[in-house]
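J.: Single-letter residue listing:
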Amino acid sequence: MNERLLRDLTRRTFFKQVGYGIGGMALTSLLSESLFASDQDPYSPRKPMFPAKAKNVIYLFMAGAPSQIDLFEDKPTLTKYDQQPCPEELLKGERFAFINGRPRLLASPFKYEKVGKSGQVISELLPHLKEIADDISVVRSMQTEQFNHAPAQLFMNTGFQLPGRPSFGSWATYGLGTENRDLPGFVVLISGDSNPDGGKSCWGSGFLPSVHQGVEFRSQGDPVLFVSNPAGVDPDIRRDTLDALKDLNRQELQRTLDPEVETRISQYELAYRMQTSVPELMDISKESVATHEMYGTEPGKKSFANNCLLARRLVERGVRFVQLYHRGWDTHGSDQASDIKHGLPDRCRETDQAAAALIKDLKQRGLLDETVVIWGGEFGRTPMNEGRGGSPFPGRDHHPHAFTMWMAGGGIKPGLSIGMTDELGYMVAEDPVSVHDLHATILNLMGVDHTKLTFKYQGRNFRLTDVYGNVVTKLIS
Amino acid sequence: MPKRAALLGIAVLPYAFVSVQLSPPQRVSFSRDVAPVFRAHCISCHSGAAPAGGLELSSAKGILRGGTSGSLFTNGLLMKRLTGAVGPQMPMGMPPLAAPDLSAIKAWADQNGPIDGDPSKKHWSYVAPVRVAVPSIISTWIRNPIDAFTFQKMKQEGLHPSPAASKETLIRRVTLDLIGLPPTPAEVEAFLADKSPNAYERVVDRLLRSPHYGERQARGWLDLARYADTDGYEKDLNRTAWLYRDWVIDAFNQNLPYNAFTIDQLAGDLLPNANLQDKVATGFCRNTMQNLEGGVDQEEAHFAVILDRSETAATTWLGTTIGCCRCHDHKYDPFTQRDYYKMAAFFSNTKVIPRGPKSVGEEKWLEPELQVPTEEQKQQEAALSAKIIQLTQQVNAPSFALESGYRDWVAHVGDPTTWQPATVSAVRSAGGAKFTSNPDGSETATGPLLDKDTYTIDLGKAGANWNALRLDVLPDASLGSHGPGRADNGNFVLTGIRLVVDGQPFPLVYAMADYSQPMYDASQAISGGDDSGWAINGQNGKPHYLVATLAQPVKTGQTLQLILAQNSQFAKHVIGRFRISMAAGGDPFAELIPNDIRSAVAAAGRSAAQEKLLTAFYRKITPILAPIRAELASDQAKLASLRSHEPTAMVLEENPAKGPLTAYVRSRGQFLSKTEEVTAGTPAILPQLPAGRADRLALARWIVSKSNPLTARVEVNRMWELYFGRGIVETSEDFGTRCSPPTHPELLDWMACKFMDLNWDMKAMNRLIVTSATYRQSSDATPALIAKDPQNLYLARAPRFRMEAEMIHDNALAAAGLLSSKIGGPSVFPSQPDGIWDSPYSGQQWMPSKGEDRYRRGIYTFWKRTAPYPSFMALDATSREACTVRRIRTNTPLQALALLNDSLMIQAAQGLAKEMMTTKGAEPTKVAAGFERCTARRPDPAELNRLEALLAKLRAKYEQRPNAAAALGGTAERAAYTMVANVMLNLDETITKG
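Which chain is which? The protein sequence lines are A and B, in order. Note that the first sequence covers residues 16 to 492 in our numbering. Note that the second sequence covers residues 34 to 1027 in our numbering.
Simulated from the structure, these hints should not be mistaken for laboratory data. Please note that a few of the clues may not be correct.
Claimed, not checked - Label pairs and their computed distance ranges (CB to CB):
id: 1; chain 1: A; residue 1: Asp251; chain 2: B; residue 2: Arg920; range: 33 to 43 Å
id: 2; chain 1: A; residue 1: Pro407; chain 2: B; residue 2: Pro129; range: 40 to 50 Å
id: 3; chain 1: A; residue 1: Lys356; chain 2: B; residue 2: Arg920; range: 45 to 55 Å
id: 4; chain 1: A; residue 1: Pro314; chain 2: B; residue 2: Gly954; range: 49 to 59 Å
id: 5; chain 1: B; residue 1: Thr681; chain 2: A; residue 2: Thr306; range: 27 to 37 Å
id: 6; chain 1: B; residue 1: His361; chain 2: A; residue 2: Gln351; range: 32 to 42 Å
id: 7; chain 1: A; residue 1: Gln351; chain 2: B; residue 2: Pro481; range: 32 to 42 Å
id: 8; chain 1: B; residue 1: Gly109; chain 2: A; residue 2: Asn485; range: 16 to 26 Å
id: 9; chain 1: A; residue 1: Pro314; chain 2: B; residue 2: Lys883; range: 34 to 44 Å
id: 10; chain 1: B; residue 1: Ala337; chain 2: A; residue 2: Lys356; range: 31 to 41 Å
Unchecked claim - Heads up, simulated DSSO-like pairs for lysine-lysine below, C-alpha to C-alpha not over 27 Å straight-line:
id: 11; chain 1: B; residue 1: Lys268; chain 2: A; residue 2: Lys316
id: 12; chain 1: B; residue 1: Lys268; chain 2: B; residue 2: Lys605
id: 13; chain 1: A; residue 1: Lys317; chain 2: A; residue 2: Lys375
id: 14; chain 1: A; residue 1: Lys261; chain 2: B; residue 2: Lys986
Every residue gets a Cβ at the ideal spot worked out from N, C-alpha and C, and that includes glycine.
The task is simple: from the sequences and hints, build the whole structure.
T.: And the structure:
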């Protein structure tokens, strides 16, 4: 049997199996002619369902949850009642991670300012963000359903609070493929004091084909484990061996008709291409001095700044989805390092300049139009002081009811502020945006109808937004 | 162009096949898809005597009758209510049903609600399996009852079995399956040559007897047992857990019946006359992660441990995910929150050992560890103990010499001695310390301070016939805590004091000191090894001295040298300031004699007790017994050392019972929200626990009682999954109402009953499966087979799937001729990339193993939960933080990189290259031999040609690049063979079990 015959055969099978119902239709509607040309590669770029505003996504995930009260939410009433016991009605039926009893309100010790033409309200902790206030859109009315880190991070990344569902990035490459064929379509970069609590499931592919899972690039040693050839194996020799391997595996494929063999062949080819593209990508030493100054980058260092610059280099190369995790925003105030006055400013110093630089850099390179940048954590923080165990350090507990995220580029209306919370910043008062809404909106920017991007698994059609999600049209330019 | 679109659509086929197996399209079933939703979301209102809206959803009759608003199925009322198209939207006041539930109910309602079975009927897996008749089908293909079931299914699906696999394929498959290793070329050859009708069965029986069988079977069990070598939290500290791992391997090898296997692991400690191994088995329960981080409330941490034990038991034996019930009643399965805490109560009474300060956050709760000597250690221990008894008798035996020596000693006890300062002419420190002399004749150490040191002190010539020496250790402002030791706390450990006279060792008899730290008596400086000695903690910063007697006096003019060894495990515990004095005559111990001895000597008429006391003391210090005592002390030290090196096992120990075992239901699963107190018991939906004490032993026996509907099914399903890559119930971790429906329900029940009929004989069940014709088919597909059964659900061909991480590792090392066949022992550290272990606090490092431990089977690789072995993780191993039933198989470029470039894979390639090059014969023979070591078959001509072409090309290149060849380990020839071997080890066929 020749390969063509095999392909026809397996296609027929596929059609029989998946090509019915909404899932099948959604897939067919996603496809373009270029797919046919590039044949059976799950990574091959596909035309969106409707014209896309954003090609790529850079998601700056602030793991641990930044305090919206101290960064974006100027609340004079909260200041007025600083250190007063929290109104009982706010606590009724509430459940906190650490707060016990009746906590006291805690005003932000930081100054706020309206900046730019847009008049965005931004705290003094984010001076660099102020410079790009007119480029970003701030959503002050985010809501989530989870109030512990691991489930909330999973929820924010996969739309479900338990491990095992495909992540946002994997849905994106599943739906759209990726333009760079030599790098993974979904790359994860990590900085900060440790890995995110939700673990690798935050960028897992769940039940989607595993090619779609996020690939973590390390900041030390091989950026991708085992990417370097052993000593004595030059690239041409690696090529020679892979050619032989491919020939032999093809023979195996013809004998067994096992589609896994076909996938394996293509994974070895991708592995080979990664061997050159990854080191080239990771080498930021040739970036200009001006660029390094703008980001605050130092080649060879493990930092959020370096990761921001790498994110720009990745989307420049056509990688579909880049996610940065920076851990350490969990400002409970159980000690000085995790309080509002020390820990929080430290995190801001680590991230503010580079995040703003990323927007400026994308803009000056004309990439911001086609790249949507998302900034935010898994939930917000309470307007009350946590005071765990009588801690003297000001800190805030987890708060799922209201928090802030910002977005920029890729069809996001610049200079916009949407949503509003109550006087204390406790509940959303206007324009609530759920996690599913956020997912629906970003997919929409990418030219994908979130209700039609589905995958049939265990007899059912699954989607990133489950049965929920409304596109926040106000956000879209 | 709808047609075109469809054509394009099918081109995304890899989605369907890359690695995730799609389930077959299923017809909606009321009992499976709808009833659980009703139970979870609806019947709390719509049932009972006065159901809401007159609609009763707990019976078929009620569902068909509908409510006051009419039939559920007329005008789509049910769906309208559920979607809110007609208010009020159901479930009233609650979030709408999830999309999958809605689509299932819609599909069901569209068919006007056919009801299969009683809605109140139990889910199939909660009803004990009954022996089903083997389908009476006559076919020469059928080899055992399993085949009758699969054959019947194939017929129903319009399929026909594939031909049998080739003998080469078969022996490779079954060898990998049963012992996790590839067959050796000799084994393949023998099997090919054996034309007898039961040649295959003989191979199977040989493999079932192999000691490697247990290693293979244990691998999956260790995922269930979340076995790891670290505690999992924060610093992720090392723990000694491997005795449990070895117990599992041994249990499989001994073919311990599954019921005993179960009871031992859940309650081995509670068995009457439990032996050491029964207790070691409870390591299953002990493998939980343990949070010893500062600030953690240990009672809360232990609560988490208890819940993990109970949830793991439920998942492992009952195929049930009860975790949801920690916070609320299960949404779909018939388990309640009360059930959950009743299960937890079984595990609530085990011993914890509080350590550290008594305050929340600082105190740590440890759990029992058991010393488990190896056979060899047991024998050594017995031999030493016997010798010690014998020497002790010798010491205590009366003799004339002792009698007269004793009388002499008693007469002179307490005679004064004059100490003369010895002249220290030089002091040398092995660790490079320098010494400054003080006016009082003492020496103070300065400069380099190593963890251990030995001082050699030249004392010049003896000024008299000295018979005792005295070592003063003195405080000094330059020392930590003022000394006299150099450790920060001022302590030291003098592990040995030795006198050298005229270049010859000179025996010392006994030593006493003015103060000895408990357990660190001065006498140990003479008699003990490096794990004992004299120390002074508790009286730091003060002067102390030690007196040692000589076996006989030295002679005036002899050259003396004193050696102070300080080699304890405690870093920097060396002496900071000391002075040496010598004496002749009198009683050197005059000032140190304990008061009771002193008064006994002085007593006018000694009591018998006093006499005994004196005799015992004399025997300790007399030079007459010095040689025997030295031997005795040395043996005692050896015994202590032996015991301290015996491995430990983490075990459960039950506290004495105080009434029934209980646990509190915690509101929303929160530790602090105690509500109702419940007693230990099993879930209400399952058979009742027999009368008697409800403890872990009762739970374990209940689990393996034949009336338990789940245990046997869950285990035979896992066995099936091991061989066929997918269980009869695909969700082998979940047999609840949302499990994937069994592909062969009758076969599952038949096997479950058979397993119990065979008294839970695991080897017999494994044998049954691998000797079936179903198992022995070829895995090659045909277009017709792919078209009819793309996922091979109906097994009209053998399965073909990538091997698991450890098997790929073992297979590569075996093909390379490197694999160590050693079974058991401490976990090992094969090579891995730098920077994987990142334990900033613990300082623990990956210290690569040496010798054969570099090439042990993967099951022995050290499992650090926060940083598991990276190439295993790339190949879908788990972090072992929690019980894992099923590893999901993926196929990624990172796997390709790991298998191409991991240094262990390169070492394997070098090994395989060597195997090829030392094969007798021409080049094609050598290359074919390498291929065969990887695949158990000879390459066909095309394959051989391709490999030889590669070899020739690489040889030519490496000849031009001697440095590159050298870097790969030698000559151009060797380098070329190494890379050909690298290709062979990466072949899809090599890493796939087909």
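J.: Take the hints in turn and mark each one as holding or not.
T.: These are the hints, each one checked on the structure:
In this structure the supplied range 33 to 43 Å holds for Asp251 of chain A paired with Arg920 of chain B, their Cβ-Cβ distance being about 36 Å. Judged by the Cβ atoms, the range 40 to 50 Å given for Pro407 of chain A and Pro129 of chain B holds: they are separated by roughly 46 Å. Between Lys356 of chain A and Arg920 of chain B the Cβ separation comes to about 46 Å, which falls inside the hinted range of 45 to 55 Å. Range check, Pro314 of chain A to Gly954 of chain B: Cβ separation about 53 Å, and the 49 to 59 Å hint holds.
Separation of Thr681 of chain B from Thr306 of chain A is about 56 Å and departs from the stated range, judged on CB atoms against 27 to 37 Å. Remark: the range hint 32 to 42 Å for His361 of chain B to Gln351 of chain A is upheld by a beta-carbon distance near 38 Å. Separated by about 38 Å at the C-beta atoms, Gln351 of chain A and Pro481 of chain B satisfy the suggested range of 32 to 42 Å. The given range of 16 to 26 Å is respected by Gly109 of chain B and Asn485 of chain A, whose C-beta atoms sit roughly 25 Å from each other.
The supplied range of 34 to 44 Å is met by Pro314 of chain A and Lys883 of chain B, whose beta-carbon atoms lie about 37 Å from each other. Checking the proposed 31 to 41 Å range against Ala337 of chain B and Lys356 of chain A shows it holds: the Cβ atoms sit about 33 Å from each other. Under the criterion of a C-alpha separation no larger than 27 Å, the hint pairing Lys268 of chain B with Lys316 of chain A is consistent with the structure, at around 24 Å. Our distance criterion of 27 Å between C-alpha atoms is met by Lys268 of chain B and Lys605 of chain B, whose separation comes to about 25 Å.
Our distance criterion of 27 Å between C-alpha atoms is met by Lys317 of chain A and Lys375 of chain A, whose separation comes to about 22 Å. The straight-line distance between the Cα atoms of Lys261 of chain A and Lys986 of chain B is roughly 16 Å, inside the 27 Å bound, and the hint therefore holds.
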